[in-house]
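S.K.: Starting from the given sequences, assemble the full structure and let the hints guide the process.
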Amino acid sequence: MTSQEFQPKIIAFVCNWCAYGAADLAGVSRMQYPPNVRLIRVMCSATISAHHILKAFQQGADGILVGG
Amino acid sequence: MDVDKCIACGLCAEKCPKKVDDLYNESIAKRKAIYVPYSQAVPLKYSIDASQCIYLTKGKCGACEKNCPAGAINFKDVEKTISINVGGMILATGFDSYDPSSLDYFNYATCDDVVTSLEFERILSATGPYQGHLLRPSSKKGPKDAGKPPAKIAWLQCVGSRDINRSGHRYCSSVCCMYAVKQAVMAQEHSNTPLDCAIFYMDMRTQGKDFDRYYENARKNGVRFVNTRVHTIKRETGSDNLILRYVEENGTAREEVYDMVVLSTGLVINGATVDLAQRLGVTLGEDNFTKASCFAPVSTSVDGIYACGVLTGPKDIPHSVMEASAAACAATVGLAPSRGTLIRHEETPEERNIDRQRPRIGVFVCNCGINIGGIVRVPEVATYAATLPDVTYVEENLFSCSQDIQDKMTQAITEQGLNRVVIAACTPRTHEGLFQQTLINAGLNKYLVEMANIRNQDSWVHSDDPDQATKKAKDLVRMAVAKVRLASPLTQSPLGVSRSALVIGGGLTGMISALMLARQGFPVHLIEKSDILGGNARLLNSTWQGESVANRLEKLTDDINAEERIQVHLCSSIKHVEGFVGNFTTEIAGNGESETIKHGVAILATGAKESKPAEYLYGEHSGVVTNLELDAMIRTDDHRLRKAENIVFIQCVGSRDANRPYCSKVCCTHTIKNALALLEKNPEVRIFILYRDIRTYGQRESLYLEARQKGVIFSKYELQKKPVVIAAGQCLEVLFHDPVLDGNIAVSADLVCLATAIESHHDASLAQFFKVPMDQDGWLLEAHQKLRPVEFATEGVFLCGMAHYPKPIEESISQALAATSRALTVLTRDQIMVGGVVSRINPELCCGCQGCINVCPFGAITFNLDRQAAEVNAALCKGCGACAAACPSEAPMLMGFNNEQLYAEIEMALCS
Numbered sequence: 001m002t003s004q005e006f007q008p009k010i011i012a013f014v015c016n017w018c019a020y021g022a023a024d025l026a027g028v029s030r031m032q033y034p035p036n037v038r039l040i041r042v043m044c045s046a047t048i049s050a051h052h053i054l055k056a057f058q059q060g061a062d063g064i065l066v067g068g
Numbered sequence: 001m002d003v004d005k006c007i008a009c010g011l012c013a014e015k016c017p018k019k020v021d022d023l024y025n026e027s028i029a030k031r032k033a034i035y036v037p038y039s040q041a042v043p044l045k046y047s048i049d050a051s052q053c054i055y056l057t058k059g060k061c062g063a064c065e066k067n068c069p070a071g072a073i074n075f076k077d078v079e080k081t082i083s084i085n086v087g088g089m090i091l092a093t094g095f096d097s098y099d100p101s102s103l104d105y106f107n108y109a110t111c112d113d114v115v116t117s118l119e120f121e122r123i124l125s126a127t128g129p130y131q132g133h134l135l136r137p138s139s140k141k142g143p144k145d146a147g148k149p150p151a152k153i154a155w156l157q158c159v160g161s162r163d164i165n166r167s168g169h170r171y172c173s174s175v176c177c178m179y180a181v182k183q184a185v186m187a188q189e190h191s192n193t194p195l196d197c198a199i200f201y202m203d204m205r206t207q208g209k210d211f212d213r214y215y216e217n218a219r220k221n222g223v224r225f226v227n228t229r230v231h232t233i234k235r236e237t238g239s240d241n242l243i244l245r246y247v248e249e250n251g252t253a254r255e256e257v258y259d260m261v262v263l264s265t266g267l268v269i270n271g272a273t274v275d276l277a278q279r280l281g282v283t284l285g286e287d288n289f290t291k292a293s294c295f296a297p298v299s300t301s302v303d304g305i306y307a308c309g310v311l312t313g314p315k316d317i318p319h320s321v322m323e324a325s326a327a328a329c330a331a332t333v334g335l336a337p338s339r340g341t342l343i344r345h346e347e348t349p350e351e352r353n354i355d356r357q358r359p360r361i362g363v364f365v366c367n368c369g370i371n372i373g374g375i376v377r378v379p380e381v382a383t384y385a386a387t388l389p390d391v392t393y394v395e396e397n398l399f400s401c402s403q404d405i406q407d408k409m410t411q412a413i414t415e416q417g418l419n420r421v422v423i424a425a426c427t428p429r430t431h432e433g434l435f436q437q438t439l440i441n442a443g444l445n446k447y448l449v450e451m452a453n454i455r456n457q458d459s460w461v462h463s464d465d466p467d468q469a470t471k472k473a474k475d476l477v478r479m480a481v482a483k484v485r486l487a488s489p490l491t492q493s494p495l496g497v498s499r500s501a502l503v504i505g506g507g508l509t510g511m512i513s514a515l516m517l518a519r520q521g522f523p524v525h526l527i528e529k530s531d532i533l534g535g536n537a538r539l540l541n542s543t544w545q546g547e548s549v550a551n552r553l554e555k556l557t558d559d560i561n562a563e564e565r566i567q568v569h570l571c572s573s574i575k576h577v578e579g580f581v582g583n584f585t586t587e588i589a590g591n592g593e594s595e596t597i598k599h600g601v602a603i604l605a606t607g608a609k610e611s612k613p614a615e616y617l618y619g620e621h622s623g624v625v626t627n628l629e630l631d632a633m634i635r636t637d638d639h640r641l642r643k644a645e646n647i648v649f650i651q652c653v654g655s656r657d658a659n660r661p662y663c664s665k666v667c668c669t670h671t672i673k674n675a676l677a678l679l680e681k682n683p684e685v686r687i688f689i690l691y692r693d694i695r696t697y698g699q700r701e702s703l704y705l706e707a708r709q710k711g712v713i714f715s716k717y718e719l720q721k722k723p724v725v726i727a728a729g730q731c732l733e734v735l736f737h738d739p740v741l742d743g744n745i746a747v748s749a750d751l752v753c754l755a756t757a758i759e760s761h762h763d764a765s766l767a768q769f770f771k772v773p774m775d776q777d778g779w780l781l782e783a784h785q786k787l788r789p790v791e792f793a794t795e796g797v798f799l800c801g802m803a804h805y806p807k808p809i810e811e812s813i814s815q816a817l818a819a820t821s822r823a824l825t826v827l828t829r830d831q832i833m834v835g836g837v838v839s840r841i842n843p844e845l846c847c848g849c850q851g852c853i854n855v856c857p858f859g860a861i862t863f864n865l866d867r868q869a870a871e872v873n874a875a876l877c878k879g880c881g882a883c884a885a886a887c888p889s890e891a892p893m894l895m896g897f898n899n900e901q902l903y904a905e906i907e908m909a910l911c912s
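Protein chains in written order, with the working numbering: chain A, 1 to 68; chain B, 1 to 912.
Don't read these hints as lab results, they were simulated from the structure. None of the values given here were measured: they were computed from a predicted structure. Misleading hints may appear alongside valid ones.
[What the hints assert, rightly or not] Here are the simulated lysine-lysine pairs, DSS-like style, with alpha carbons at most 25 Å apart: (1) B/878 with B/446; (2) B/5 with B/60; (3) B/471 with A/55; (4) B/5 with B/15; (5) A/9 with B/471; (6) B/771 with B/575.
M.R.: This is the structure:
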């Protein structure tokens, strides 16, 4: 990893009942992935509106994942 | 293994030197002698395979004990005998997959690429031996082999089922047709290149709800279905390819080469279950399934012992889940008087009021042994946490979940006057409840804790990058602190429950359900639209096992009339329903009067009806009847039956076609049962059954066998080539094409019996009254087709019987018991707790657009005309927050996950 390399900041909104559980299971299975993502747990992906997505972009996010 | 100490870090398995076959993965993969049985195991704890462990077998090693950071290994642990007094017992011992090793003509034992369906299931699984990649086992001998994907796979049906010749199992295993179709579809999805899938079958038995649609879609998507039984599998010389030999319907011998063959192995009751049954004195029938009347499907030969699942007969998941609830109902009927007598209540300290207090946040950072601490620099995270706003106390723990730390945490909360807590450790999905309890013990509202998942979603997945993992841990702690700062105590308030039930539909299913609810101790209102109880059962002669339906119905009617707790409302219908779980108010009308009933639960058992066909001269010629009409003719000993020479049955009349693309499930058995009854009356009569697939699933297969042995002629027809019925005076001429003779046949029939479809009443108003969905065929749609088969997303409303889907008596009764069982989970409570993580709408901000009402999947939001604002019923809200996203003015607030908190988390995630 060089200092010039672009490191995106990714926000993931994940549903407690599925995608968040899947992320936990990835840990149990010791699957490795890049450390650029920050997960935000929600009770249902339906609770994510354009406001949240725009807010994240506004704060400097380079990519957003909604998992549900 | 001390499960209380095990933290499932996996170090023991990493260090264990002994590799053994992984039975969960059907021995295609290896595991260690210390292991988690499967990755989703609950609780997630390791266990030692005593038959393989080097220390336990040879007295040396102990690597796991040396390396376990939690001291959870106890080699001195011994088997304990525990005595428990119980009032009932339920056997749910399951099944084994049939072992095809002895079928030498399939070469299962000698060819790697001949696998059983269970092995194939593991191959397709993401947690399986090949991580979900579809590969030929012959090309994947070790972990280093890349493996080759197959291009052509065959499934052979009825391996160890419907086979009196080699396996001795004459029953049909019920589930294999559907799982083979599913596996073929999934294999195609898993394959990167076009995959040729062929299923070799005798009859496709996809009789379950929505199964036929799935089967037809698979066919459309290119899965081939070949109607034959393959007699030999041989390996091609010099390769791992497999040669299949079979005879086509018209007698032509064929050979085809495949890369892989899946044997659709049947369900078998194992020896251990047979031994257990013997010790308990439970009589097992032929093929080792329990013997039970169709009217008491989960009972066994011993009073107080009940059975469910495959032990009572081969069945799929929805039916097994249903039977599990049914057995629970049956087992608790006799125990109803002692319900609740063994409950112990916990004392908890009074909740501290934190109103107007400045947040004082305590952060507890867990090392989880070396699971977190080995990667993430925990002291650095702890030091960082202390710099965050409003954090007044930070502590580092070895194991935050251990009992001693829990006690210390309770003490710290009290002594430091903490009013918010962050636990940086593992996942809230497994540990939030534990830490919420810690807060309760410390006198804090349980919603004032937030977890930062620095194990499962950090140290475990970034183990090669401690710097980034530490940075991420700090971010996660910062996010959690920001969120919990904005948290406020949430309350749950009790709501009383009307401890009575409304059962809608007075057929056999509704009657059983009402009687069971009453015997469990609850008042029941049983509503029936006609003037008599019994429904379709009044038109049936016998169950498939030959028991008289009329006798049972008479006894049941007497029992219901004698039961004081049941109030029967005949000629009644529902006019209006209000309320929610525990508190329904329903207005019923009947005989010119209306009555309002308060009830806590509703069971929908409205049944279905036999459709009246518009083909095959039905209604035009007196010699064409339906199966129910034939039942009546048999009952009344109609003279036409005695002198008939030829009788023709036509199956799937109105089922499995474009209008009704579903199987009516009961007709094949009904027809064969009637054919046998006709032969009994008149052994000279010749009977023809024209069918598409004979679906005498499970143990009903014995009826099919008997009918063939007694000379009933079965001839298969295709939907495109339906039989033709022509009037010929008093008689009828039936013309059809027989695929085996490959010729057209004409039969002069005295009687033609049509196995007509069962159709829904399409009662949309009932579905609307209770806010429950109906599927495209008009069947009420359960909450989850596999795991919640008698419930709806709307709490407190349950379904059973043919309103759900056509089904035979024994399945309707199982479902009636199951619905009762689920209803008891509401009725046995004095009160239900509502609130917590639910949505609240700020009326000041609500503009009245009602967008939230449209998106709420639970019907929890109504519009208050007086206040001109939408309102959430906390008893119905499930806390999904869809309303909060839909609202243009952010009026709804999902408690515990409100927008302020989400924005704070977003900001904190990105501010470093």
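S.K.: Evaluate each hint against the coordinates.
M.R.: For each hint, the structure was consulted:
no., hint, in the structure
1, B/878 with B/446, "holds, 18 Å"
2, B/5 with B/60, "holds, 23 Å"
3, B/471 with A/55, "holds, 22 Å"
4, B/5 with B/15, "holds, 18 Å"
5, A/9 with B/471, "holds, 13 Å"
6, B/771 with B/575, "holds, 14 Å"
Hint check: no violations occur; every hint is consistent with the structure.
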